[in-house]
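As they're listed, the protein sequences go chains A and B. When the first sequence is numbered by numbering that gives the first Met the number 0, its final residue is 229 and no position is left out of the sequence of numbers. When the second sequence is numbered by numbering that gives the first Met the number 0, its final residue is 229 and no position is left out of the sequence of numbers.
Accuracy of the hints is not assured; some may be wrong.
The list cannot tell twin chains apart, which means a pair is met if one copy fits it or any two copies do.
[To be verified] Cross-link-like lysine-lysine pairs, in silico, DSBU-like; alpha carbons within 35 angstroms at most:
| hint | residue 1 | residue 2 |
| --- | --- | --- |
| 1 | K158 | K39 |
| 2 | K126 | K214 |
| 3 | K179 | K158 |
| 4 | K198 | K179 |
| 5 | K185 | K42 |
Please keep in mind that the hints were generated in silico from the structure rather than gathered at the bench.
Protein chains: 2
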Amino acid sequence: MQPKKLPRLKSTFSVDCVIFGVDDGVLKILLIERNEPPFKAWKAIPGNLVRDQEDIDDAAKRILYELTGLKDIYLEQSYTFGRTNRHPQGRVITVSYYSLIQKTDDIRPVTGFAKTAFWCPVHELPKLAFDHREIVEKALAQLKHKINYQPIGFELLPKRFTLTQLQHVYEAILEVDLDKRNFRKKMLSFGLLESCQEKQTGGSHRAASLYRFNKKRYHQLATKGFIFGL
Amino acid sequence: MQPKKLPRLKSTFSVDCVIFGVDDGVLKILLIERNEPPFKAWKAIPGNLVRDQEDIDDAAKRILYELTGLKDIYLEQSYTFGRTNRHPQGRVITVSYYSLIQKTDDIRPVTGFAKTAFWCPVHELPKLAFDHREIVEKALAQLKHKINYQPIGFELLPKRFTLTQLQHVYEAILEVDLDKRNFRKKMLSFGLLESCQEKQTGGSHRAASLYRFNKKRYHQLATKGFIFGL
Chain A
0 MQPKKLPRLK STFSVDCVIF GVDDGVLKIL LIERNEPPFK AWKAIPGNLV RDQEDIDDAA
60 KRILYELTGL KDIYLEQSYT FGRTNRHPQG RVITVSYYSL IQKTDDIRPV TGFAKTAFWC
120 PVHELPKLAF DHREIVEKAL AQLKHKINYQ PIGFELLPKR FTLTQLQHVY EAILEVDLDK
180 RNFRKKMLSF GLLESCQEKQ TGGSHRAASL YRFNKKRYHQ LATKGFIFGL
Chain B
0 MQPKKLPRLK STFSVDCVIF GVDDGVLKIL LIERNEPPFK AWKAIPGNLV RDQEDIDDAA
60 KRILYELTGL KDIYLEQSYT FGRTNRHPQG RVITVSYYSL IQKTDDIRPV TGFAKTAFWC
120 PVHELPKLAF DHREIVEKAL AQLKHKINYQ PIGFELLPKR FTLTQLQHVY EAILEVDLDK
180 RNFRKKMLSF GLLESCQEKQ TGGSHRAASL YRFNKKRYHQ LATKGFIFGL
């Protein structure tokens with residue numbers, strides 16, 4: 000998979016984006032398939048070179064948009080990968096970013112070298128370009144760390160949701176099955192959830208209570224940190 | 000403080016190191032004073048350009064050694080700073096690293112542009128080169144986050160220490176006064192400390208009990224995380 004005799008790259012910084020989404024209880028990431036030789040048909044996370052006069056944070060936003068059409072995504076810096084041999088065209092140090100978003104199917108490349116953009120379960124990843132698997136693994140570890148210390152879910156769930164829906168988000172990210180009673184008890188103890196005083200309608204199961212996030216408490220916990228404490 | 004007409008740099012990656020040490024209850028960081036024009040007399044954290052064929056982690060170790068004489072320091076990647084105007088000689092993206100070490104006075108520049116290396120309290124920092132203050136602040140925030148979620152102190156304290164000594168480390172890093180009784184109760188509840196069944200000798204105060212870390216539990220908590228929960 001290592002192409003030969005490649006032109007040396009002019010720029011030597013790149014950014015790469017690891018975009019997580021939860022789909023029906025499964026954690027997925029956004030991949031692209033490249034359309035140009037010598038990397039034709041390679042699967043990769045969205046990433047490209049930073050322009051000379053471009054801040055790296057701006058580059059990450061621009062490149063994510065170009066390759067996937069995603070806009071206004073809050074990207075957090077993940078890690079910088081600087082091994083000398085990580086790219087076949089020369090020395091490229093890449094700064095990776097990550098984000099957990101509400102999964103949308105409205106993704107398509109706008110410009111650049113992506114033929115398609117698509118969601119892939121993190122545990123069914125194809126062979127990825129360069130050191131992209133390592134980049135994904137680092138971001139995944141950070142996401143798992145974060146969910147243990149900060150409330151997560153606000154951006155992923157509908158405004159009103161059941162405790163089961165919230166539990167599925169945690170289970171998808173942590174890749175474990177959680178005990179229903181413990182999860183509920185713990186989650187309710189944080190003062191993070193408010194009852195909507197309403198039951199879910201429709202569905203064949205026993206109607207479940209609907210909750211919403213207490214935004215103030217959510218932001219308080221996001222700043223101060225908490226421990227979910229698995 | 001912005002020199003004019005500087006030669007453009009050849010390399011465009013650098014690394015910078017934020018080295019924390021605790022000295023008599025005060026959190027300090029290691030600074031250098033540069034000795035060459037146009038940056039003569041500038042104060043900075045130890046940092047320099049990455050070589051063409053050098054991994055960034057290796058570069059951080061090399062540069063820290065060259066500028067301060069420190070060796071075998073475990074450096075953790077902190078953050079990457081990539082604003083276009085952060086360096087007067089052109090586009091330089093810097094990857095910062097940080098470490099918390101037992102403060103040593105055995106520091107002196109080995110080679111390179113440092114005239115001296117010295118410890119400075121984090122709250123008495125002089126004007127620093129480039130965006131080094133921002134780099135220090137980011138690392139400091141990360142250190143404070145870390146002490147809330149992982150045991151810290153192993154590397155900073157003598158083998159046998161008093162609870163007061165441990166409390167001073169926490170107070171120095173968190174920059175708060177902690178309640179003695181609560182601190183003791185909490186610390187002892189983690190199963191992290193073992194009594195040496197011995198009292199501190201010497202000193203004019205009432206002899207305090209000596210403790211040591213339970214290494215197994217320490218590493219367990221370091222991996223699994225805990226919450227100090229201020």
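Hints versus structure:
no.: 1; hint: K158 <-> K39; result: neither (41 angstroms within a copy, 58 angstroms between copies)
no.: 2; hint: K126 <-> K214; result: neither (40 angstroms within a copy, 39 angstroms between copies)
no.: 3; hint: K179 <-> K158; result: within (21 angstroms within a copy, 43 angstroms between copies)
no.: 4; hint: K198 <-> K179; result: within (18 angstroms within a copy, 48 angstroms between copies)
no.: 5; hint: K185 <-> K42; result: neither (40 angstroms within a copy, 49 angstroms between copies)
Hint check: violations occur at hints 1, 2 and 5; the rest are consistent with the structure.
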